[in-house]
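Participant: The residues making up each chain are set out below.
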Amino acid sequence: MARTDTADISVAKQQRKKSMANAKRKRSREQFAERYSALMLAAAILAIWQVMVPISGLSEFILPTPWAIATRIVSEYQLLATHAYITLFEVLGGFGLAVVVGVTLALTIFYSKPFERAIYPLLVAMQTIPKVALAPILVLYLGYGWAPKITLAFLIALFPIVISTVVGLQSLDRNLVSLVRSMGASEIQTFFKVRLPAALPNIFGGFKVAISLSVIGAVIGEYVAAERGLGYLQLQANSLFDTTLNFASVATISALGVTLYFLLDYVEGRVAYKRDAAK
Amino acid sequence: MNMTAQHKGAEIGISQLSKVYHTREDEDILALDNIDLTIERGSFVAVVGPSGCGKSTLLSLLAGLIPRSSGEISIDRETISKPHPKIGVVFQQDLLLYWRTVIDNILLPIEIKKLDIAKYRDHAEELLEQVGLGGMAKKFPSELSGGMRQRVAICRALIQEPGLLLMDEPFGALDALTREQMIMDLQSMWSRLGNTVLFITHGIDEAVFLADRVLVMSPRPGKIDLDLKIDMPRPRKWAETHEDATYHGYVREIRKIFEAKGILVAH
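Chains as they are written, first to last, in the numbering used here: chain A, 911 to 1189; chain B, 4 to 270.
Worth double-checking, as some hints may not be accurate.
Said to hold, decoys possible - As a list, the in silico DMTMM-like pairs of lysine to aspartate or glutamate whose alpha-carbon atoms are at most 25 Å apart:
(1) B:K259 to B:D39
(2) B:K116 to A:D1083
(3) B:K141 to A:E1178
Unchecked claim - So these bits of chain A aren't anywhere near chain B, every CB distance computed over 10 Å:
(4) V1034
(5) Y1051
(6) Y1183
What the hints contain is simulated information worked out from the structure, not anything from laboratory work.
In this text, a Cβ means the ideal position worked out from N, Cα and C, and glycines have one as well.
For reference, chain B alone in the conformation it holds in the complex (with noise of 0.2 Å):
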C-alpha cells in the first residue's frame, strides 16, 4: 500500500447515523438525523454549525464515546463502535492531567493501550519539536500558556498516528491571536502528516480557511444542510485569504443558510 503522506489518513464511512437522547422527562431528542457521509483519505472537513446542531454527537459517536441509536460508522470499511486507535481526539480544553509533566501527558495514550513507552518517547519529542515546544518535555501543564497546553493536547492525539484526527472546536478556549496562530500552525502540521482531519467549530471563518470541505449543520433535527467544497490553493495565507473574493464567497454562502435558518438574523 502506498503510505505517501497524501494516503496516510484513513476512509470514514458514515451511513444512516442517527442518535436520539431520552431526556429525564422521557422526551425524545433526535440529535442526529440520518447522516450519510464519506470523508475522503487525507481530506480536510470541516463542520459548522451552532450550539446543539449534533456537530459535538457526530464527534463522539465518532470518537466511540457514545452509543448509535442507528445506522454505521466505518473507518477504512472496519465498523467501529467503541473507542478507536486509529482515531485521536482533541477537545476544546487541553485536558492535560496537571500532576503529568508535559511529555508523560503525550504518552498517556500510550500507557493506556499497554504499548512500549520507550518506542514512543523520541516521538513524542519530535511532535513537540515540530508544534514549537522542543524542551519543554519536562515542564508541567500549569508553566504552559493556554496556546501551549492545546499545542501539547495536539501531540497527545497525533502520538500513535492516528488515521483520523477529530477537533471539537479546539481553539474556542483561546484569545483570537493565539487562535489565528494555531489555524496556521495546525494547516502546516496537517499537510505535512496528511491524516484525515474531521474539525468541528461554530466559526464559519476557521472552517472555509481550513478545509477541502464544510458541512453546515442546523439543529432540530441534527442534519447536514450543506457540503460545501472549497476550492482554494494550499498553502493558504491568512492575510491573503481573508482579503480573497473566493473566501468571501464561501463564507457568505455558509452565512445564507444560518439566515435562511433563522440562526443569524439580520438588522
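This is chain A alone, in the form it adopts within the complex (with noise of 0.2 Å):
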C-alpha cells in the first residue's frame, strides 16, 4: 500500500515536472516570438518586395528590388558614408541644440509662472507654423551650408522637448517633495534626487521623438539647397534617373534615424529607472 503510495507520488511529479517543461518551452517560444517578431515581419516585406518586382514585370528604374539596393549600399558604401557623415552632423547638432535650450526653457518655465505665462503661447503658436515652410527663408538668410540644417532640425526638435519635460517635472506627486523637504533637503537637492530622476523616462520619450524629427528637419533642409549631405545625394540621384541610389539613400537616413533612436533608448536603460521596469 504504502509503495504504491510513493510510486503514485513519483509519477505524479514527474508528470508536473514534464507539464512544467513544456510551459518552459512554450514561453521561451513566445518570448522568441516577440522579440524578433519585428524583425521577421521586416524580413517578410523586404522578401514579398523583392519577388514582386520580377514577376509584376516593373522595370528596375522605377522599383529596384531590395536586394539590388543593398548591393548598390555595399559597393557605394564610401560615397553613401561621406554623405550621411554630414547629415549624422546636421541631425545631432540641430539635437543638441534643442536638448540645450529646450531643457533649460522647460525648467524656466517649470520654476517661473510669469515666464510660462508668457512663452508658452509662444511655443504653441510656433509648433503650428509647418517647420518645413521655414527652409527656404532659411537658407534666404543662413546660406547653403550646415547652419540652415541644423537650425531646421533644432526647430522641429525643440517643441516636443520642452513639453515633455514641462510635463514629467509637473506630474510628479507633490507629496514626494514634502517628504524630501522633512528630510531637510534644498531645492536643488529636491530637484536631483527626485524632480529630475521622476521627470527622465517622459524627458527621454521626448528626446527620442526629437531625434526621429531632427533626421527629417535636417535631410528636408538639404532638399531646399545644399551641396553635400543624403537629401542633396538623392536629388542627385534623382537627376540621373538613378533610382536604386535614390532607394539606398533613403535606407541610409533611416538606418541613421534607428541608430540614433536605440542609442537614446539605451543610454535611457542605464540613466532613468522606469516605473514597472522591475516587473
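Starting from two chains that each stand alone, build the complex the way the hints lay out.
Facilitator: If you want it as C-alpha cells, here you go:
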C-alpha cells in the first residue's frame, strides 16, 4: 500500500515536471516570437517586395529590388558614408541644441509662472507653423552650408523636448517633495534627488521623438539647398534617374534615424528607471 | 544623560500654536486655534479627528513643512521653525522612490544631510531585519507589497534614530489584515526603541489600542476637545484588548465627543 502511494507520488511528480518543462518551452518560444517579431515582419515585407518586382514586370529604374538596393549600398559604401556623415553632423547639431535650449526653457517654465504665461502661447504658436515652410527662408538668411539644416533640425526638435520635460517635472507627486523637505532638503537637492529622476522617463520620451524629427529637419533642409548630405545625394540620384541610389540613400537615412533612436534608448536604460521595469 | 530606551524620545512643547490658511477667495481659515500641548519623552500620543480638523496641519507644522501663524514649537526645549534632524516622518503613502532600491530609499535622509552613508548602511540593514524584511535590501519598491513598502518607509524615518516620530495616517492605505499586523508590529518596535511618537489617524480603535494618550480634535476651528490618558498595561494583545471593557470605555468616550459635535450621527 505504502509502496504504491510513493510510486503514485513519483509518477505525479514526473508528470508535473514534464508539464512544467512544456510550459517553459512554450514560454521561451513565445519570448522568441516577441523579441524577433519586428525583424521577422520586416524580412517578410522585403521578401515579398523582392519577389513582386520581377513578377509585376516593373523596370528596375522604377522600383529596384531590395537586393539591388543592398548591393548598391555595399558598393557605394564610401559615397553614402561621406554624405551620411554630413547629415549626422546636422542632426546631432540640431538635436543637441534643442536639448540644451529645450531643457533650459522647460526648467524656466517650470520654476517661473510669469515666464510660463509669456512663453507657452508663443511656443504653441510656433508649433503650428509648418517648419518645412521655413526652410527656404532659412536658406535665404543662413546660406547653403550646415547652418540652415541645423536650425531646421533644432526648430523641429525643440517643441517635444520642452513639452515632455515640463510635463515630466509637473507630474511629480507633491507628497514626494514634502517628504524630502521634511528631511531638510534644499531645492537643488529636491531637484536632483526627486524631480529629475522622476521626470527622466518623460524627458527621454521627448528626446526620442525629437531625434527622429531632427533627422527629418536636416534632410528637408538638404532638399531645399545643399551641396552635401544624404538629402542632396537623393536629389542628385533623382536628376540622374538613378532610382537605386535614391533608395539606397533613403535606407541610409532611416538606418541613421533608427540607430540614433536606439542609442537614446540604451542611454535611457542606463540612467532612467521606469516605474514598472522590475515587473 | 541617561539614554535608556525609556528616555531616548524627545520632549515636545507646543504653546499657543495657531495656523491660518489664506484661500484664493481671500478668506482666512483658522485651521489650528491656539493649541497648547506638552508631550512627554518617549510617550505615544495619538491624534484622532475627522478630515479637516487640523490634525494634518499640526503634523506639517511639527515637521517644519509649513510656517506657523503664531505660537511656538520646541523639541527638547529648542524652538524649531524648519525641518529638524531629530524628527522622522511617515506619511500615508509610502513615498518610496521607485528608481532606488530598498536600502537606498532608507539611506535617502542620510544622503540629503550629507552624512557618511557607509556608517549607516549596517543600521539600515538592522532596521530592515527588525521589521521582518531582512534580505530585501537590494529589491526595488515595485517588488514589494503595500505593507512591506510602508515598513520600508518606517525604516527610512527611523534611520537617524529620531527623538520624535511623526506618523500621518500611516496605515490608512493598507488593507484591514495588513493594518492589524502593522499596528502590532509598531507597538513592539516602539517599546524597543522608545521614541516619542505622534500618531495621526481617523481610526479611533487604532488610536486607543496604540497610544498612552489620545487627543481628540474637531474642526472649525481646529481644537483639542479631549486629552484622554489611556491606562492599559503593555504589551497590549490585539484580541484581548478588543474584548477589554476598559478599551471599549475609552472608545465610547471618544465617540461621544464626535456625536456631540455632529461628526458622528446616531441612527
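Participant: What hint numbers does the structure not satisfy?
Facilitator: Going through the list in order, the structure violates hint 6 alone and respects the others.
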